[in-house]
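Number of protein chains: 2
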Amino acid sequence: MYGRLLLPELQVMLDENDNAGIREFCEALYPAVTAEILAELDSREVWRVISCCDSQKQAEIFQFLSLPQQIEIVAVIDRGPLSKLIEEMAPDDRVDLLSRMDEEHVEELLPLIAQAERSDIRKLLSYPEDSAGAIMTTEYAYLPANITVAQALEKLRQQAPDSEIISYIYVVDEGRRLQGIVSLRELIFARPTRPLSELINRDVISVRVDDDQEFVAQQMAKFDFVAIPVVDNQNQLVGIVTHDDAIDIMQEEATEDAYRLAAVEPLEDSYLSTSLLTVIRKRIGWLIFLLVPSFLAAKVLEHYEAVSDKFEWLVLFIPLILASGGNAGSQSATLIIRAMALETNIQREELNALLMKEFKLGLLLGSMLSLISFGISWAFTGALMQATVVGLAVFLVVLMGISAGGMLPMGFRKLGMDPALMSNPFITALVDILGLIIYFQVAMYIVS
Amino acid sequence: MYGRLLLPELQVMLDENDNAGIREFCEALYPAVTAEILAELDSREVWRVISCCDSQKQAEIFQFLSLPQQIEIVAVIDRGPLSKLIEEMAPDDRVDLLSRMDEEHVEELLPLIAQAERSDIRKLLSYPEDSAGAIMTTEYAYLPANITVAQALEKLRQQAPDSEIISYIYVVDEGRRLQGIVSLRELIFARPTRPLSELINRDVISVRVDDDQEFVAQQMAKFDFVAIPVVDNQNQLVGIVTHDDAIDIMQEEATEDAYRLAAVEPLEDSYLSTSLLTVIRKRIGWLIFLLVPSFLAAKVLEHYEAVSDKFEWLVLFIPLILASGGNAGSQSATLIIRAMALETNIQREELNALLMKEFKLGLLLGSMLSLISFGISWAFTGALMQATVVGLAVFLVVLMGISAGGMLPMGFRKLGMDPALMSNPFITALVDILGLIIYFQVAMYIVS
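Top line first, the protein sequences correspond to chains A and B.
Quick note on numbering: our numbering labels position 280 of the first sequence as 280, and the sequence is numbered without any gaps.
Quick note on numbering: our numbering labels position 217 of the second sequence as 217, and the sequence is numbered without any gaps.
This is chain A alone, in the form it adopts within the complex (with noise of 0.2 Å):
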């Protein structure tokens, strides 16, 4: 918004090729507004505008790029300047980065890169996806813990500059093993002969590397961390995951639990810089799927047609009753996968609670929308009868969608899935194919 004012400017800049205006321009802005500016730029353009500035402001900006756009760059970029910016770069950025490159291109790439950061990078790369080690980063300050105060505060000068965060530091023994960690405010407060261990916090919430990062951004917003440190089967520190990666796990989770919601496989990327063929490929499968139930209520209406040829007016509700099971049962299912996804640890008598919530729901919203589907449908037709069956319908349909919509999550949740792999469509199927079978026997029972 702020960005977009002074793209203009930037592009006489380029036009005129004013290399050191280019250069101030991207000294006086944040590297995320001057990111945002760059993402209107095509990639050659982008490189021309940070190729001007120092390798650390290179850097800086080019990590407020969105994925897909620095895949995009790395590709125009020769391999000299590539090597220099990824070594510029933070570990876990750098780390995203490469594992979204042709692995060609990288193993082209790593021997032009300084052996400590290769090393690193190598180890990086290695943990699984959505791990713990996978986001890290392995730029934090830490000190042993038989140093004085004074000593510490010397170390941390020398540790500064790469560190990510310093509000914590992390206290570790010889073995590198986590002992505990020493708030930077004690620390520069604390007289500077008293020793360092003294003012260690030796009990530690630490997430293991493999931990799922839904976990580590769940445990960062439980005890309210800036930042977790993370450690390897030997209590060993190999990293840390600040607060910044909480904030992007916790939306990128949310974006997956609303697709899935949605039927829609979830995407890498956003939604606007995916290709039309992935977008394709993460929708077609669900939709596909879902004809299955679509035809099985085909059958359930083959088998019920002597009825319905019979009674005509029956088929008028057929949407109504698809409907309002369909819609309530989602209700639920939102409600109770939102609420599973924010409260990891609920207990088997919970759960119980809430189905039992549930239930009565369905009792009371099932009464009420089966009272004035009762009222219309009478005012629709002017026959009770056919009233009395869309009512009575109404009622069961929606105490059914209540109750499937609830135990459906529940049940994956119980098998060990995800319970948001259940999607609402899916539900709504379901109960389609239930919905039409009571609603069926009811009007057979009561007009017949």
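It should be emphasised that the hints constitute simulated quantities derived from the structure, not laboratory data.
Do not rely on the hints blindly, as some may be mistaken.
Since copy identity is lost for identical chains, a pair holds within one copy or between any two.
[Unchecked claim] Restricting the straight-line Cα-Cα distance to at most 25 Å, the calculated cross-link-like pairs of lysine-lysine (DSS-like) are: (1) K310 <-> K299; (2) K57 <-> K222; (3) K357 <-> K282; (4) K310 <-> K84; (5) K282 <-> K155; (6) K360 <-> K282; (7) K414 <-> K357.
Go by the hints and put chain B onto chain A.
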């Protein structure tokens, strides 16, 4: 999970009135963990536990309890200890609590609270809900510009225990107007005699006290900030919003969007702790409203009764027609609503490109589903003409569903409304009506 294992131990100490033991128990655990255990106890027991601790620890633990539980607990605490507890709480957390308590109860309490805290509370309570002012904290570190590094550190030493985040320190002028920020890292590593003004980064990003909390969280996510300063109309610094609030807001907004997509009005508390009556109020409105399109669909079916009487097989595929349009439409709506939630400044051209993409998707997904439906319904009915009607109708209905699912949220946005107000069941309902019309028109065209 971890906490629940310790619950029996705490119960024993409660039964034995072992106050010293309880105090030790609370001191040993993270406040967040203690709070998790306390969630299992009733209000009086919780208060018995935390009243064993000193007032600072009391407030720390209390702040990690859920808001509904906090409200239950304050009802059983005497005014004296309660006012002490509230004094100790963080300004943003206590205002959250007070704004949800009975006004009478609050007015009784305020006179018992220290003057400084009281006026802070009155001020924060005056900001609109969901604004930056309502979520910010007033405990932050700030400095005047005209001092040295050594003087700055001395001032911070005095402020530190009270300020939530001191990775960044805010520099203000005599009128408390925000001048810039200094990073604590730079401050501690600078020469003590250096003027503070040389370290100030004057290009500071802030939010207004009346900005929406969603905007605040998005700014923090965009710039990867640990905290963002909040200023009033005169650019006076009035508070900061911290990273943990940003995560909470993101979760709250994602949950709201998920609820709205499923036609549920947002809840104030978690689903687990919301009363049956409130849940009914949040669900029934949409459910009743959605009956209207169902009766319109009945009208449509009545209109085409002559056709469906003559060609009874048409009825069998009504669920298929309704489901394929609705499913494809809610996929599109969800993708677009989520894209607009994550990317607030999408431009007009991008929206048009998105709509064009949706239209192409409609053509492609429609063709695929059409072919499959054609095949299955041919096998199902054994009649080429019937399969042709179904296949062609599915194509048109999917194309229409996807176009509507894409256009409706964008239309909402153009009208200046939140696109997430559009629910998937509503889109499905509209698509149902149009879908039935398309289906019968196709049938009339082909069979007659």
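Going down the list of hints, with the structure as the test:
no. : hint          : verdict
1   : K310 <-> K299 : both (18 Å within a copy, 19 Å between copies)
2   : K57 <-> K222  : between (34 Å within a copy, 17 Å between copies)
3   : K357 <-> K282 : between (35 Å within a copy, 15 Å between copies)
4   : K310 <-> K84  : neither (79 Å within a copy, 75 Å between copies)
5   : K282 <-> K155 : neither (50 Å within a copy, 57 Å between copies)
6   : K360 <-> K282 : between (37 Å within a copy, 15 Å between copies)
7   : K414 <-> K357 : within (19 Å within a copy, 39 Å between copies)
The structure fails hints 4, 5 (numbered hints given earlier, in ascending order).
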